[in-house]
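Heads up: the sequence lines are chains A and B, in that order. Residue numbers for the first sequence follow the numbering used here, so the first one is 1 and each next one is one higher. Residue numbers for the second sequence follow the numbering used here, so the first one is 1001 and each next one is one higher.
Mixed in with the good hints there might be a few duds.
Claimed, not checked - Cβ-Cβ distance ranges computed for the label pairs, FRET-style:
1. A:Asp319 - B:Ser1247: 55 to 65 angstroms
2. B:Tyr1356 - A:Arg84: 45 to 55 angstroms
3. B:Thr1146 - A:Asp2: 24 to 34 angstroms
These are calculated hints, taken from the structure and not from any lab test. Note that the coordinates shown come from a computational prediction; the quantities given were computed from them, not determined experimentally. Every residue, glycine too, gets a C-beta built ideally from N, C-alpha and C.
2 protein chains.
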Amino acid sequence: MDMTNWLQKRVRLSPKETALVFEGKEETFEEINQAVEILAGKLFARGIRKDQMIALLGKNDRMTFLLIHALQQLGAVTLFLNNRLTKKEIAFQLMNAEVKEVIVADSLEDKITTGIRYTELQETEYEKPELLETWDLTRVSSIMYTSGTTGKPKGVIQTYENHWWSAVSSVLNLGLTEKDSWLCAVPIFHISGLSIMMRSIIYGIPVYLEEHFDEAKITQLLESGHVSTISVVTSMLERLLKMKEGSYHPNVRTVLLGGGPASKTVLEICKQRDIPLVQSFGMTETASQIVTLPPKDALNKIGSSGKALFPAEVKIADDGEILLKGPSITPGYLNNEEATNAAFTDGWFKTGDIGYLDDDGFLFVLERRSDLIISGGENIYPTEIEHVITSYGAVKEVAVVGKPDDKWGSVPVAYVVVDEVFKEAELFGICETNLASYKIPKQIVIVDKLPKTASGKIQRNKLKERHSK
Amino acid sequence: MDMTNWLQKRVRLSPKETALVFEGKEETFEEINQAVEILAGKLFARGIRKDQMIALLGKNDRMTFLLIHALQQLGAVTLFLNNRLTKKEIAFQLMNAEVKEVIVADSLEDKITTGIRYTELQETEYEKPELLETWDLTRVSSIMYTSGTTGKPKGVIQTYENHWWSAVSSVLNLGLTEKDSWLCAVPIFHISGLSIMMRSIIYGIPVYLEEHFDEAKITQLLESGHVSTISVVTSMLERLLKMKEGSYHPNVRTVLLGGGPASKTVLEICKQRDIPLVQSFGMTETASQIVTLPPKDALNKIGSSGKALFPAEVKIADDGEILLKGPSITPGYLNNEEATNAAFTDGWFKTGDIGYLDDDGFLFVLERRSDLIISGGENIYPTEIEHVITSYGAVKEVAVVGKPDDKWGSVPVAYVVVDEVFKEAELFGICETNLASYKIPKQIVIVDKLPKTASGKIQRNKLKERHSK
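Sequences are here, hints too, so could you generate the full structure?
Here it is, written out as structure tokens:
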């Protein structure tokens, strides 16, 4: 289906409404669009055209925000590069995606061999570009690589249709008011951040863009009354909770939690403090959240990720894997038919996560299927053990993974970040009281910090690799 | 695109939320769905199957509400019959649409020759029906006949896609909150009413269904705090304004006005009373409102119908006709290729209405193109004259139409409903002060009432017919 160009339509609908707030400066949709048009002209002068694969390596800043829109206006496909990757990892993605050109923030230019720096682009003379008047929704909008637990990263294809339905499905659950705005302190090279930018033009609401997750600054914004919604991952939420007791400005109506389940402790604190936490489940392949708690159920269904957003569907396969269906789900992986075929079964997308639906149809995500520890034929869910371990106050962070074992196949090992009062014997005592013997970690390893992704997810696979070395 | 069955999806998402309030009785989506399934089984037992054309002749009541859903669940196409039509008019539609079966409210059975009465249906033994699991959005959902100003009525085809996009476009403009509900006192056999039912299952909000527009009852509901939104036509709004001074409960956040522009007086009263009036423009062919005032602009752009909803588009043709494009627009007229071809130009739908866009892109609807009076080469807009005439307090209602004239081609004639203090000379005085001489009605005809449609629109064509007799 051919749809009107979203940004241009938004400018016609609400030119004077705020589109972006970055470093305290507000810009309207009209102003953003003018800046985007100029950048599109400069990109055009540099030879960038419709359907070309263009990589973007930037930070959460105004220029990257504008470039994302400018590339969409030209009809280019944007490969979003994670700026925390190594030069080698980036080189793999550029090659795998057959990238035509790279646009790179000056501060990140060491990460690539060749490309157009932001300042170079700005100095380029403007040439009137050919902008898309309408958007064919089946066209590819963006590519984001995800690192599975095994094998090479795969380039997730996101169409305009995927982004559109994600935004519409979200609004049917979270609602929309005239006072809405979305605070984006998650990376815009991730779907969590990019989806906020897409919602902004579809809903006509401002993005409060933050370069870093600075909990003091974020808390200040949440208290200002200007922000209605924020997307966070667990580690961000934990930092926010430590920053300040109590709730935020009443205009904050949604704290959308993604990127993995939060501990019961964190959820209970939010409940006590009346923080409007909404848990969700989603991934790059689903163009962000696809299963989300309805705000009305947020307090009754603590620990659940909610229900599949309208019109998506969720079901659990016989082996416990969470399967999804819906129009926000990727058509597949770039240049990787094998991975695409492996990701779907009978039209359902295989998430690789294990979970269950309760009697009311609410999804509870247990863990990555690959994180499941099978010990002597028993299924052991790392999160269950982690919840027990976190209840010991001296443990600040924990991750439980399986370690190969000749007798049992695999046994649980706990990696913990602890404070000075930690005593291993006390922790084992808590485990023995709360866990069946086969679930008790065979080993507790004290570490300074746990390996995490750019978005703050614990990388269990990196811990597992230690055992295989 | 195949989408999940809307009602069933809604039941999975929010089974315990209120779906319908009729005659004070609340029913949840779960309860509604159970009743719908039983009715679908009875319809199935009566031989009603997917893709059959089934006419429905009912009132705004629970049974008609359930039947609309039941027919959708079976995948039948529903021809919505206007219950104010004559037996002869209904017979034309039944024949033209090649209807397989008619379901009729007992009180309306005299309007048809043969069909299944509601009570007969209820007495039918249930048989397990074949319900649609998924909905192909390109399928035809409903047919509604519209009477153009000339020729036979045409059956407007409404697909599921049309209804879906209408609901989504509306939410992107009006927003959605947990407290929302929609009061439906407009006929559900019209798109204004049916679209409320569709939004209800897509948004998960209650429909407050009223059999009649009883202004006392409606005012009571608007003061109750239970209703956030109501759809009205001008005559209903005028009755509401007479019923009570001041505004309603603060939970009433949208009074959506459709079915023709309101007078400046009415708009000013709403502004004074702080009534959240939102003007809109739409028709059966656009699956309800497609151009609507954003609530934020409601007070700055009095008299405007607003902007084309996301992602629809509006433009004005060289001759002043309002043209529309967007996914809620009908694919055409049933069994009437000629009318379908005539209704579109270069992919744009020709509304038959005349209007203009102001400098900010807001639409102002002037009138039906067919109502335009061309007198001695000058365009005369009846609404302009009507606004002047209404400013004379002794005039309660007015309609201006063209009358054939040998010298000028056409001249304006005013039909007025007046009270006892009316003096023709005074009215002419007002006209002479405010209107160019060629715009002054050549004749003022006092009538007891003006001819109106079921939805309260003045039927100018009926007045014009008087001159051609």
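How the hints compare with the structure:
no.	hint	result
1	A:Asp319 - B:Ser1247: 55 to 65 angstroms	holds (58 angstroms)
2	B:Tyr1356 - A:Arg84: 45 to 55 angstroms	holds (54 angstroms)
3	B:Thr1146 - A:Asp2: 24 to 34 angstroms	holds (27 angstroms)
The structure is consistent with each of the numbered hints, conforming to all of them.
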